[in-house]
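What follows is each chain in one-letter form.
Protein chains: 2
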Amino acid sequence: MSAAEQSASKLKNESAIPAKTGSKKESKLQLQLKVPKGTKDWADKDMVIREGIFHSLSKLFKRHGGVTIDTPVFELREILAGKYGEDSKLIYDLKDQGGELCSLRYDLTVPFARFVAMNNIQNIKRYHIAKVYRRDQPAMTKGRMREFYQCDFDIAGSYDKMVPDAEILALLTEGLTGLGIKDFKIKINHRKILDGIFKVCGVKDEDVRKISSAVDKLDKSPWDIVRKEIVEEKGQSDETADKIGEFVKLNGSLTEVLETLKLKSELTSNELASQGLEDMEILLTYLQAFEVDNYVSFDLSLARGLDYYTGLIYEAVTAQSAPPKDAEALKQKKKSDDEDASAYVGVGSIAAGGRYDNLVNMFATATGKKSVSIPCVGVSFGVERIFSLIKARESKLSKEIKPFATQVFIMAFGGGPDWKGYLPERMKIAKKLWDNEIESEYVYKAKANPRKQFEASEKSGAKVAVILGKEEYQEGKLRVKRLGPEFANDDGELIEIDHVVEKVQEKLAEANEAGFDDITRLLRNL
Amino acid sequence: MSAAEQSASKLKNESAIPAKTGSKKESKLQLQLKVPKGTKDWADKDMVIREGIFHSLSKLFKRHGGVTIDTPVFELREILAGKYGEDSKLIYDLKDQGGELCSLRYDLTVPFARFVAMNNIQNIKRYHIAKVYRRDQPAMTKGRMREFYQCDFDIAGSYDKMVPDAEILALLTEGLTGLGIKDFKIKINHRKILDGIFKVCGVKDEDVRKISSAVDKLDKSPWDIVRKEIVEEKGQSDETADKIGEFVKLNGSLTEVLETLKLKSELTSNELASQGLEDMEILLTYLQAFEVDNYVSFDLSLARGLDYYTGLIYEAVTAQSAPPKDAEALKQKKKSDDEDASAYVGVGSIAAGGRYDNLVNMFATATGKKSVSIPCVGVSFGVERIFSLIKARESKLSKEIKPFATQVFIMAFGGGPDWKGYLPERMKIAKKLWDNEIESEYVYKAKANPRKQFEASEKSGAKVAVILGKEEYQEGKLRVKRLGPEFANDDGELIEIDHVVEKVQEKLAEANEAGFDDITRLLRNL
Numbered sequence: 001m002s003a004a005e006q007s008a009s010k011l012k013n014e015s016a017i018p019a020k021t022g023s024k025k026e027s028k029l030q031l032q033l034k035v036p037k038g039t040k041d042w043a044d045k046d047m048v049i050r051e052g053i054f055h056s057l058s059k060l061f062k063r064h065g066g067v068t069i070d071t072p073v074f075e076l077r078e079i080l081a082g083k084y085g086e087d088s089k090l091i092y093d094l095k096d097q098g099g100e101l102c103s104l105r106y107d108l109t110v111p112f113a114r115f116v117a118m119n120n121i122q123n124i125k126r127y128h129i130a131k132v133y134r135r136d137q138p139a140m141t142k143g144r145m146r147e148f149y150q151c152d153f154d155i156a157g158s159y160d161k162m163v164p165d166a167e168i169l170a171l172l173t174e175g176l177t178g179l180g181i182k183d184f185k186i187k188i189n190h191r192k193i194l195d196g197i198f199k200v201c202g203v204k205d206e207d208v209r210k211i212s213s214a215v216d217k218l219d220k221s222p223w224d225i226v227r228k229e230i231v232e233e234k235g236q237s238d239e240t241a242d243k244i245g246e247f248v249k250l251n252g253s254l255t256e257v258l259e260t261l262k263l264k265s266e267l268t269s270n271e272l273a274s275q276g277l278e279d280m281e282i283l284l285t286y287l288q289a290f291e292v293d294n295y296v297s298f299d300l301s302l303a304r305g306l307d308y309y310t311g312l313i314y315e316a317v318t319a320q321s322a323p324p325k326d327a328e329a330l331k332q333k334k335k336s337d338d339e340d341a342s343a344y345v346g347v348g349s350i351a352a353g354g355r356y357d358n359l360v361n362m363f364a365t366a367t368g369k370k371s372v373s374i375p376c377v378g379v380s381f382g383v384e385r386i387f388s389l390i391k392a393r394e395s396k397l398s399k400e401i402k403p404f405a406t407q408v409f410i411m412a413f414g415g416g417p418d419w420k421g422y423l424p425e426r427m428k429i430a431k432k433l434w435d436n437e438i439e440s441e442y443v444y445k446a447k448a449n450p451r452k453q454f455e456a457s458e459k460s461g462a463k464v465a466v467i468l469g470k471e472e473y474q475e476g477k478l479r480v481k482r483l484g485p486e487f488a489n490d491d492g493e494l495i496e497i498d499h500v501v502e503k504v505q506e507k508l509a510e511a512n513e514a515g516f517d518d519i520t521r522l523l524r525n526l
Numbered sequence: 001m002s003a004a005e006q007s008a009s010k011l012k013n014e015s016a017i018p019a020k021t022g023s024k025k026e027s028k029l030q031l032q033l034k035v036p037k038g039t040k041d042w043a044d045k046d047m048v049i050r051e052g053i054f055h056s057l058s059k060l061f062k063r064h065g066g067v068t069i070d071t072p073v074f075e076l077r078e079i080l081a082g083k084y085g086e087d088s089k090l091i092y093d094l095k096d097q098g099g100e101l102c103s104l105r106y107d108l109t110v111p112f113a114r115f116v117a118m119n120n121i122q123n124i125k126r127y128h129i130a131k132v133y134r135r136d137q138p139a140m141t142k143g144r145m146r147e148f149y150q151c152d153f154d155i156a157g158s159y160d161k162m163v164p165d166a167e168i169l170a171l172l173t174e175g176l177t178g179l180g181i182k183d184f185k186i187k188i189n190h191r192k193i194l195d196g197i198f199k200v201c202g203v204k205d206e207d208v209r210k211i212s213s214a215v216d217k218l219d220k221s222p223w224d225i226v227r228k229e230i231v232e233e234k235g236q237s238d239e240t241a242d243k244i245g246e247f248v249k250l251n252g253s254l255t256e257v258l259e260t261l262k263l264k265s266e267l268t269s270n271e272l273a274s275q276g277l278e279d280m281e282i283l284l285t286y287l288q289a290f291e292v293d294n295y296v297s298f299d300l301s302l303a304r305g306l307d308y309y310t311g312l313i314y315e316a317v318t319a320q321s322a323p324p325k326d327a328e329a330l331k332q333k334k335k336s337d338d339e340d341a342s343a344y345v346g347v348g349s350i351a352a353g354g355r356y357d358n359l360v361n362m363f364a365t366a367t368g369k370k371s372v373s374i375p376c377v378g379v380s381f382g383v384e385r386i387f388s389l390i391k392a393r394e395s396k397l398s399k400e401i402k403p404f405a406t407q408v409f410i411m412a413f414g415g416g417p418d419w420k421g422y423l424p425e426r427m428k429i430a431k432k433l434w435d436n437e438i439e440s441e442y443v444y445k446a447k448a449n450p451r452k453q454f455e456a457s458e459k460s461g462a463k464v465a466v467i468l469g470k471e472e473y474q475e476g477k478l479r480v481k482r483l484g485p486e487f488a489n490d491d492g493e494l495i496e497i498d499h500v501v502e503k504v505q506e507k508l509a510e511a512n513e514a515g516f517d518d519i520t521r522l523l524r525n526l
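Residue numbers (the UniProt record's numbering), protein chains in the order written: chain A, 1 to 526; chain B, 1 to 526.
Careful: at least some of the hints might be erroneous.
Unchecked claim - Pairs of lysine to any residue, SDA-like flavour, derived with a Cα cap of 25 Å:
#1 K445/A <-> L218/B
#2 K40/A <-> A130/B
#3 K420/A <-> D279/B
#4 K428/B <-> L284/A
#5 K131/A <-> S58/B
#6 K37/A <-> G99/B
#7 K402/B <-> D279/B
#8 K40/A <-> D93/B
#9 K161/A <-> G469/B
#10 K59/B <-> E259/A
#11 K45/A <-> H55/B
#12 K210/A <-> D183/A
#13 K428/A <-> D279/B
#14 K459/B <-> N120/A
#15 K369/B <-> Q30/A
#16 K220/B <-> D242/B
#17 K431/B <-> S158/A
#18 K452/A <-> K432/B
#19 K432/B <-> G180/A
#20 K34/A <-> Y84/B
#21 K59/A <-> D435/B
#22 K37/A <-> K481/B
#23 K432/B <-> N512/B
By construction, these hints were calculated from the structure, which means they are not laboratory data.
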């Protein structure tokens, strides 16, 4: 270290001290350098994995004939009103700064239905990958955020019964397996069967929705607790509760549970339930044609919270997304720290959806248009949760991916009193490569020493170096060589400057044959 | 029409009438089926073009070594405070619903600087394609929206002078030409030269920023009007105003204007201006190396509104993005309708940026960290404006692109009393094709007639049909044929069911050889 450097370093350290003291004293007045609660910055390798997930899902959606749309991140407040039941309190509102009252979207389904109604669309298969907003208690480690991405695919239009529903379940399976997730099952149920069951068990029409949301808790609470809620809080008789208990404990393969239910004559004689059972029978045939029936479990305790579902409902869960057996104990132990405790609960469903046949019509009629019938069915993939699973499962991933696309690093070597560093010359080569769509970088210094240039090239992940030697370049030549430890002793090839693009392309083709480049393939092969 | 159909149709018409009447009566109570002011839904072919622009720009950014990050759509309100000068009034705030006060981001630059400061990053080349929000007066047709996309590339870190700046200008040129935009120029200027000029002309330090923003209006107003503002509103002497006028009228090639300025000894003796001139001299060498100097015009009237710029500034404009000569007249004529009038003004700059060397440090010091030096330079592409240009220029584009990726349509033909429509069979074939990543559709009907199936395949844009003939399929065979008018009389090839994937791939390869598939290539070749 030179004297000047030492002095500079000392100065830096000194200036650090008062700043630190200051930061304690004025902490309340100072700006907080953070992102809002429940949000995060995405960067580096995490960003690459997430983009890989988006890429894989959008290819999936396109493969099934989907077109994409993009709606505004905020909607008129009244568009969202009355669509989410109890969860409406989680909606973010924009401040009234004059003009219209708006809120951030809570999901992509309601804006989609608004779009379909507004444009009088009769049928569409649309996908939409975008952020949604919920003022929920965040639990970052299990992937529950206030700002998060949803990847939705929905089919709107009048078609033969259960045909789009079956395709959505096939697509859901294809989507998850395509991301290397294999140990999942799809719980399915039917709102009409569920409503039929409640009726048959003696629940009054006006109580159906609230009993339904009590039953929905069965994935987190044992029957005893749910039963207590049904009797004590929701005012049902013991007999009704026990009858409900008999039904909602049922689950198994679609074939088995269908057989069981068809034997219950009180259920089959209920109009709603009978329609639902017929739907499930048709669905079975199609799921068998798609060979996805083995992923499906008919689970009568699945109820789904949202108001707008009218038919088939489903949720994909993995072994990791279910809460572990000792979740309660861990929660108790950790209860001083909300966020950490929730890390021990599963990530919840990783994809979910259902049929909602009246939502588009709600918009049409609420705005004075005539009544329309635009039945819809769709699925939403929870990217943050899928990301958490992939990330937790495979640390190998992190080693093999890099956030840079850089393929080529351009360097110049020389010396002596007349050595200027060949910066404009490196720029010229970079321009040639960029113009041929080759990802290229060089060090942003007029004169850079060889070690610094090699370090930078290593950091960038470049596979090929273009080297401008002082004398060689004056003779119209440069060197193209492979990078990486196995090429440390390889001097590369000395070529005419004019041939740089072809030679680089050739070396890159060699390098990429061996290498890992397709993040989608990587995710899939986990 | 059957009697039942007639009756149904009559009912529909009847129910339409009261609904329509109702809509007039209750218009104030009713829900409005619209998106918030200044926002829009993107769909169909527009969406394809926009995705093509994103694809082209993200490839560009990656080519230059960029990594991408994603920051939350809202930031703590205090992070945005004091960064945008007068424009701060255009920031959207979130409602105070308890907890932190947040605002929607106004640009991607301030969140980027916050990210760099928060993570103590020493250097990064990052790109970010995302929406930003401004409560401005919208002018949809010229691409000015309240919610719009920015595509930003920024280089942060200490490097040799003007090296990153030159690369940003090379990247800007490459980005626009890569999108088929050729008739543009990049106006450049330097904040230090501008500030030096104002000093030399007799402007006091505290008046510099307001004189700068008056000068910035020269792209929309003639000198007379700006001069009047400088003298009457901004309180400068006639002599000062005239001296400023001499300078800011200068524009031309970088070489020419540099020569002119270097002869003005009062300017070169000003410390700030002299630093700026030295920068421009170095820049010239690098722009020549990149062969982009011919796109650049040194324009001393360019000032840029934002507070945070400290060095080189630039704005790309096209012939179409400048206001037409009769803009004022058209504005007068149309003044009853704000939105339409603004359609006659140019779209403004299509990309812009500059150097901002103190922004990261502002965050560091404001939060009690020690002072850092993280100089930054960047550019932002205005996608909506670029989109408007491309869309207005080329109607041919609309004919050649389709929003669907569908390649194959699966159909079944048959008849007779035992004909069931082969729906599960079509599903099986679809599944095979999807599993091989081939985009495939079929009609969602158990029994569909040939005409309906051909119509649907035509709408989807599929290039190949897989046809399940009733008897042929029973013999283990199906037909694969090309679609399109020139193949109307082609019966296709009858093959074993097991060979469907290979045969489809073969026919698709034939079809795609001729066809237009790469939207980027299409945009570029306009």
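Structure-based check of all given hints:
{"no.": "1", "hint": "K445/A <-> L218/B", "verdict": "violated (36 Å)"}
{"no.": "2", "hint": "K40/A <-> A130/B", "verdict": "holds (15 Å)"}
{"no.": "3", "hint": "K420/A <-> D279/B", "verdict": "holds (18 Å)"}
{"no.": "4", "hint": "K428/B <-> L284/A", "verdict": "holds (14 Å)"}
{"no.": "5", "hint": "K131/A <-> S58/B", "verdict": "holds (20 Å)"}
{"no.": "6", "hint": "K37/A <-> G99/B", "verdict": "holds (9 Å)"}
{"no.": "7", "hint": "K402/B <-> D279/B", "verdict": "violated (47 Å)"}
{"no.": "8", "hint": "K40/A <-> D93/B", "verdict": "holds (19 Å)"}
{"no.": "9", "hint": "K161/A <-> G469/B", "verdict": "holds (23 Å)"}
{"no.": "10", "hint": "K59/B <-> E259/A", "verdict": "violated (55 Å)"}
{"no.": "11", "hint": "K45/A <-> H55/B", "verdict": "holds (20 Å)"}
{"no.": "12", "hint": "K210/A <-> D183/A", "verdict": "violated (32 Å)"}
{"no.": "13", "hint": "K428/A <-> D279/B", "verdict": "holds (20 Å)"}
{"no.": "14", "hint": "K459/B <-> N120/A", "verdict": "holds (18 Å)"}
{"no.": "15", "hint": "K369/B <-> Q30/A", "verdict": "holds (10 Å)"}
{"no.": "16", "hint": "K220/B <-> D242/B", "verdict": "holds (19 Å)"}
{"no.": "17", "hint": "K431/B <-> S158/A", "verdict": "holds (22 Å)"}
{"no.": "18", "hint": "K452/A <-> K432/B", "verdict": "violated (52 Å)"}
{"no.": "19", "hint": "K432/B <-> G180/A", "verdict": "holds (19 Å)"}
{"no.": "20", "hint": "K34/A <-> Y84/B", "verdict": "holds (20 Å)"}
{"no.": "21", "hint": "K59/A <-> D435/B", "verdict": "holds (12 Å)"}
{"no.": "22", "hint": "K37/A <-> K481/B", "verdict": "violated (56 Å)"}
{"no.": "23", "hint": "K432/B <-> N512/B", "verdict": "holds (21 Å)"}
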